[in-house]
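S.K.: Generate coordinates for the entire structure from the input sequences, incorporating the hints supplied.
Number of protein chains: 2
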Amino acid sequence: MSLIVQKYGGSSVATPEKIKSVARRIIATKEEGNRVVVVVSAMGDTTDSLIELANRVSSNPPEREVDQLISTGEQISVAVMAMAINDMGHEAISMTGAQAGFETDSSHTKAKIVKIKPGKIVEELKKGKIVIVAGFQGIDVYENVTTLGRGGSDTTAVALAAVLKADACEIYTDVDGVYTADPRIVTNARKIDEIEYEEMLEMASLGARVMQSRSIEFASKYGVRIHVRSSFKQDEGTFIVKEAKSMMEKVVIRGVTVDKEQAKVTILHVPDRPGIAATIFKALAGNNINLHMILQNVSEEGYTDVSFTVMKADLKKARATTESILDEIGARSVTIDDDIAQVSVVGTGMKSHSGIAADMFGTLAREKVNIEMISTSEIKISCVVKKEDADRAARSLHATFVEVEDKREAND
Amino acid sequence: MSLIVQKYGGSSVATPEKIKSVARRIIATKEEGNRVVVVVSAMGDTTDSLIELANRVSSNPPEREVDQLISTGEQISVAVMAMAINDMGHEAISMTGAQAGFETDSSHTKAKIVKIKPGKIVEELKKGKIVIVAGFQGIDVYENVTTLGRGGSDTTAVALAAVLKADACEIYTDVDGVYTADPRIVTNARKIDEIEYEEMLEMASLGARVMQSRSIEFASKYGVRIHVRSSFKQDEGTFIVKEAKSMMEKVVIRGVTVDKEQAKVTILHVPDRPGIAATIFKALAGNNINLHMILQNVSEEGYTDVSFTVMKADLKKARATTESILDEIGARSVTIDDDIAQVSVVGTGMKSHSGIAADMFGTLAREKVNIEMISTSEIKISCVVKKEDADRAARSLHATFVEVEDKREAND
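These protein sequence lines map, in sequence, to chains F and V.
At position 203 of the first sequence the residue is numbered 229 (this note's numbering), and the sequence of numbers has no breaks.
At position 360 of the second sequence the residue is numbered 386 (this note's numbering), and the sequence of numbers has no breaks.
To be clear, the hints were calculated from the coordinates, so they are not data collected in a lab.
Treat the hints with caution; some may be incorrect.
Put simply, identical chains are the same to the list, so a pair is met inside one copy or across any two.
Stated by the list, open to error - Keeping only pairs whose Cα atoms sit at most 30 Å apart, straight-line, the calculated BS3-like set for lysine-lysine is:
1. K343 / K268
2. K342 / K308
3. K377 / K44
4. K136 / K153
5. K44 / K412
6. K268 / K217
7. K394 / K146
8. K412 / K308
9. K152 / K136
10. K146 / K136
M.R.: This is the structure we're talking about:
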């Protein structure tokens, strides 16, 4: 008898009708002879509504109370899911994070799981029940309710799969799986059957929204094989694994991503002296601004320009911070460009293949796409381009790296 | 330094604005130099909305899951209340029933408090914090969330006041206190300064809606002095106490109540044999129908009529039950009268005063109110009358027993 952990996101349980539909899917899994543990997020936009309520009584609500408040969202959805399943003639029991044994540290709103005591879950599974666990939450040693932060329900599911040694960890979502590119941009994009943790991590941080990085890191650490699939279809989705079995040698690039949520900040005429960069990036880090890409021009006559990209949400803060240190570093001025996008190719196959960068730049040159910044890692190459060029760039890169490979594979 | 337990009902915390207003009131109490523990109900009609949600996925939701679901209502309101107080510059911490140490039995949706471990509350009070406790809820020994049933938040407050040996237990509500009669019916009704537990219990069960019987029983058992008062005014309300100090000997009748929520069922032509009544009332009890008043006519030629009153909500069930046993008991038919009301006078002073019944019947006779049924206890007399006569009956009884006493007292 297999043990399957399933996770359903907020959009899959947004209404009573959707909850009933998910309940039927859970029951089908149970009736196939599996033991089933289900992690559920808060219904639809419940969490946002609760945060709005908090903001109406407080300009700066204490994080402990925020957790006490928003954790009710998942408590509601697990209770209602258990009711729906029971109403269909199967036994289900709901559990809060505390009841499910999730102990976390005390970093409210972004707690880390310290340990899981799955005794109650195991006990109820033994009784033949379907166990419905509230995602995203736990308690600390003082019995304060905590939440795990963004993507927390995915982490709950992956952690449960690890500790229960589940045979499968299925993440249900409103898309079919992970795609070689965003199908809204690249019409030839296709679903990926298998993707490696490393690749998924890069793609998640480069704009692919299917899963949060943190849960993938967790899965990678504990070797949990994740199956991302659609709540609304029966087809298999994408497996996220340590090492993709299929065509290991052949697939060089797993996917192409486009991120339009970034902006570029340039500090002009910066004296090219040791310590200047440190001053700039320390000031930015001190204001909790995450940088994505950094570029320093070749120095001319002792001066250089320093550019970096940040999330658009941080742009105002980044501008103010850099302007406040202009005098200190002896630079001239700050310019902003939010009309950019970052286009990347990702694939662990790059580790053993040279020439990918050259192919990428060649493809972009043919498309007359100007490259403003470049950043590379062992398994990805990212280019900052003008926003208007981004979709065209992604389509041409997808044709060069994914579609050509697909054809070659088909011909083998 | 006094310790004050306050309880605010759902209508007092129905909106963010009302929550802020209550927060200011709590802070004022704290600033007067008191330690403050506050019990809060769910905001407005949250509980009803949650039950509606349950009904949309299940025709008969398991009670454990109902508790898991509806307990979120109070968890939301305590978190938001703590946020509001913190935003006003005072330290507050919210607690669920579990965190506050409420252990109950496992009778979901109507759990009884087994024990309270107030350690965490005491600890936070020592740190100078205002403690906000979720009313109406606890956990059983298996860590299942339980709820205490109707009036549960009042019970939470009274129980906390008992276990913390509080100096005051203030129940805030949308009325000024307990009245000698419903002011909407009897314009001369006045607020009662002090009322005894026994009297309050009778008045609650006879239609006065201020507090639920169960919390008063609890207060009586542990000698908790309750102060029922308005959330919106500063005036003192009504103290519910073991023995009213003032004018003990003089006040015979504390108040007059009218209950229009009952209906009368009459079984006609019942053979007057031993065991027949037992058959009837066993059948009704078996269907969870609570009877309020029972009347058996004088027997004529071996037959009698049996009448009883039930809550209107139970009327359909009561009719079906009695009709189903007509053949068994050999009775003729069942008639229903839902055009009735029960008018009562209540007062512990009756114990040492005779002649109240005579005065009551005399008053009603002068008003040409026909009495259909009579029921008495040591501290109340109730009459069932036609519904159209009920308000007039209440006004005349209030004039006879309350207003006359008030004048006598004023003349002393």
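S.K.: Look at each hint and say if it fits the structure.
M.R.: How the hints compare with the structure:
In the homo-oligomer, the alpha carbons of K343 and K268 never lie at most 30 Å apart, since the shortest distance is 38 Å inside one protomer and 64 Å across protomers. For the homomeric pair K342 and K308, the shortest alpha-carbon distance inside one copy (17 Å) is at most 30 Å, but the shortest distance between copies (76 Å) is not. Within a single copy, K377 and K44 get their C-alpha atoms no closer than 43 Å, and across copies no closer than 62 Å, so neither meets the 30 Å cut-off. With identical chains, the CA atoms of K136 and K153 are at most 30 Å apart between copies only, with a shortest distance of 26 Å across copies and 34 Å within one.
In this assembly of identical chains, K44 and K412 lie within 30 Å of each other by CA distance neither inside one copy nor across copies; the values are 41 Å within and 51 Å between. Within a single copy, K268 and K217 get their C-alpha atoms as close as 18 Å, which meets the 30 Å cut-off; across copies the closest is 74 Å, which misses it. In the homo-oligomer, the alpha carbons of K394 and K146 never lie at most 30 Å apart, since the shortest distance is 61 Å inside one protomer and 67 Å across protomers. In this assembly of identical chains, K412 and K308 lie within 30 Å of each other by CA distance solely inside one copy; the values are 28 Å within and 84 Å between copies.
In this assembly of identical chains, the alpha carbons of K152 and K136 lie at most 30 Å apart only when taken from different copies (28 Å versus 32 Å within one copy). Taking the closest pair of Cα atoms, K146 and K136 come within 30 Å of each other both inside a single copy (25 Å) and across two copies (24 Å).
The structure fails hints 1, 3, 5 and 7 (numbered hints given earlier, in ascending order).
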